[in-house]
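As they're listed, the protein sequences go chains A and B. Quick note on numbering: my numbering labels position 257 of the first sequence as 273, and the sequence is numbered without any gaps. Quick note on numbering: my numbering labels position 27 of the second sequence as 43, and the sequence is numbered without any gaps.
Careful: at least some of the hints might be erroneous.
Claimed, not checked - Pairwise CB distance ranges (calculated):
#1 A:THR99 <-> B:GLN430: 51 to 61 Å
#2 B:THR99 <-> A:ARG171: 33 to 43 Å
#3 A:MET433 <-> B:ASP240: 28 to 38 Å
Bear in mind the hints are in silico, worked out from the structure with no lab data behind them. Beta carbons: idealized from backbone N, C-alpha and C, even for Gly.
Protein chains: 2
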Amino acid sequence: MRSNAKDRALRERAAQVIPGGMYGHQSTILMPEGFPQFFTQAEGTRISDADGNTYIDFMCAFGPNLLGYQHPEIMTAIQRQQTQIDTSTGPSPLIVDLAEAMVDMISHADWAMFCKNGSDATTMALMISRAHRDKRKVLVATNAYHGSLPWSTPRPGGVLAEDRAHLIYFDYNDPQALTDAVKQAGNDLAGIFATPFRHDTFTDQTLPDAEYAHTARRLADEHDALLVVDDVRAGFRMARDCSWETIGVRPDLSAWGKVLGNGQPISALLGNNRAREAASRIFVTGSYWFSAVPMAAALETVRIIRETDYLDHIQKIGALFRNGLVEQAKGFGFDLRHTGPETLPMVLFDDDPDFRLGYAFCAAALKRGVYLSPYHNMFINAAMTEADIAETLEATGAAFEEIKQNRDSIQPSQLLMAMAEQKRPTTMRQ
Amino acid sequence: MRSNAKDRALRERAAQVIPGGMYGHQSTILMPEGFPQFFTQAEGTRISDADGNTYIDFMCAFGPNLLGYQHPEIMTAIQRQQTQIDTSTGPSPLIVDLAEAMVDMISHADWAMFCKNGSDATTMALMISRAHRDKRKVLVATNAYHGSLPWSTPRPGGVLAEDRAHLIYFDYNDPQALTDAVKQAGNDLAGIFATPFRHDTFTDQTLPDAEYAHTARRLADEHDALLVVDDVRAGFRMARDCSWETIGVRPDLSAWGKVLGNGQPISALLGNNRAREAASRIFVTGSYWFSAVPMAAALETVRIIRETDYLDHIQKIGALFRNGLVEQAKGFGFDLRHTGPETLPMVLFDDDPDFRLGYAFCAAALKRGVYLSPYHNMFINAAMTEADIAETLEATGAAFEEIKQNRDSIQPSQLLMAMAEQKRPTTMRQ
């Protein structure tokens, strides 16, 4: 019998000294009951919780785990660098090596700036877009996640109307909506933000329509505004380049994070020469932005990305997971929607408007050693093997069986019900 | 003869792939000519540049180096944690241990939230202040540095008027100015920000006036607003507690960073129970905010802070440096102003309105193996010994001698002159 006594004891302590018991995207508040909050070990593709239960981890730290936790070559690079210099009074030469490596690898990029959070990179893109021609309006797709600063966080607490005064929202993948938003910006268009594909939570993922992406590029050019691709979540899981290279559109700026150091804290903004002058006029910095160890990890990660077949591998593994899961669901009488790139799967059930089936399914898989998300896209990592997918499908097969048996008694999440009653958080933005 | 050929070659490469050649607070653009941009080794209290020149480092990574670079016990904690879990799908139990340790140590704190940048912590304080009673106005001292996001960055590039629409500026240490600013906020006061002392660049540092600090506390209470101490720069160099404990004033929120993991990337916002409910209502997060290795480093740093005499030691070392330097200057006919706490020294020359003496002095000390700043407060670390200070004073003695000899031919920095011509950056805020 799976125990969670230690996790519960930790939650009780956490409730005393952390507001709400936990915060941010790694709070389990939105997860099905029984999901562990605390983990003590991560290796390869597996994580172990505080009670010693081990899972095949399809969240991959919400992205950063691209090549496997504690990847040996990256750990060697980290430990070697730690004996030299990390956070100090200036950057190490690695910042130049890494900027060159990124410029070499990412087609649209002529320069790089490194930072810590994905939000740092997207906020730099916002500032550079505005500095570029001293314009104010920035277009972002409704519900797209670009970070959790006042201009971008999906919840209203602590946010003022002024924080978003010059943002204009439009529907993803709709060239007409984009064109209308550009008209609304008038002579004041600074930039257009795009996620590489639509990866909002609780929704099917949608790949970008080529006409939409090309329209974004054309409108930005016509108005001397900057086009920004936010590749923080999807980076290096669609291409060894900016994700929009897959549809032939080059942005002026791209934001990167998560996978860049395979879990080491580093993010980046890349840009072309058109955006360089504005980039040199903003003042942005952070205490640890110049630290050398995450850059050593990123250089090694980028080398592995360049030199190995990791991408083909995660695409193959992702397809195995997708096809296996969808077929398995059919066998048990469920219709599953598996959307987005196979390396960033979102799995939702048909006829499940309150997500109760998805939640029950993930809870049942968790009990059998597979960590899935019922509302957020998941991530495939390159340490996953065909044997891992076979083991996963054995667990999910049993999970489908369980929810088929219990189907009539499954209750929806009380929290989700309460949230559905409230206004959608994004209404505050408009 | 000291070489800088490798540094120059790196700068040329950097100019190609990094906007402006470097960015942020670790760019040497404001430093005297000849200061190295790139470093390859940091150990104890010394850093070595790309050309192999070694310096006693009085910048301490702009703060993070509190106990010595590569502190053995902290490195052991880091390396042990790296074999377990770092960035993963959830936090490790260390987040609870660390929150408890901070709450135990910091008198005003009932809870903690961890993040990466100092800016993350100050921005969370801004958001929580506004969420607390749904008010908007936040008071900050003119020229005080609270980070480099659009609401706080000291330069205008990419910043809109709306980013600061509800900030009200007042003069540090002036109770009347503070009272007037509160009046200006009317019924809409959300919070009052304070740095523990005035540590603006290019200016004498000023310790907080007790009346001013108590006025801030009283006004916040009267208006049910939150008082925030931004301890990111000064934390743990004035007290084993929030820095304003030294004058008997407890804030509702305090922002921490830099020293917290002795260089590992971690910052924190601490708060009291009054602020807890608002803190649980904002949505803030980051890809690496829950990573375990920086928390292991922070736990070990906090243990050393609690159990050793590091504070007495850095105060003693700082006083040796201050007294030695001031006396030495007198001997060479210079009047030096050494302001602020001895552990965070700012050193400026009298009769040096364009800073040419300070710049020439720091350049002369650098040639002799001592890295000082002519415009930013410096930092003392606990690895510094009396022998280090003796070695420092030998170098600074020779530096005073050199600038005394050359006094009439010393030219001011061209860049500083150009900047002085421009508007002060803070005028944009008002």
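Exercise. Is the gap between the beta carbons of THR99 of chain A and GLN430 of chain B within 51 to 61 Å?
Worked result: violated, 40 Å
Exercise. Taking 28 to 38 Å as the hint, is the beta-carbon distance of MET433 of chain A and ASP240 of chain B inside that range?
Worked result: Holds - the Cβ-Cβ distance for MET433 of chain A and ASP240 of chain B, about 33 Å, lies within 28 to 38 Å.
Problem set entry | Whether the CB-CB distance between THR99 of chain B and ARG171 of chain A falls inside 33 to 43 Å | holds, 36 Å
Consistency note: the structure conflicts with earlier hint 1 alone.
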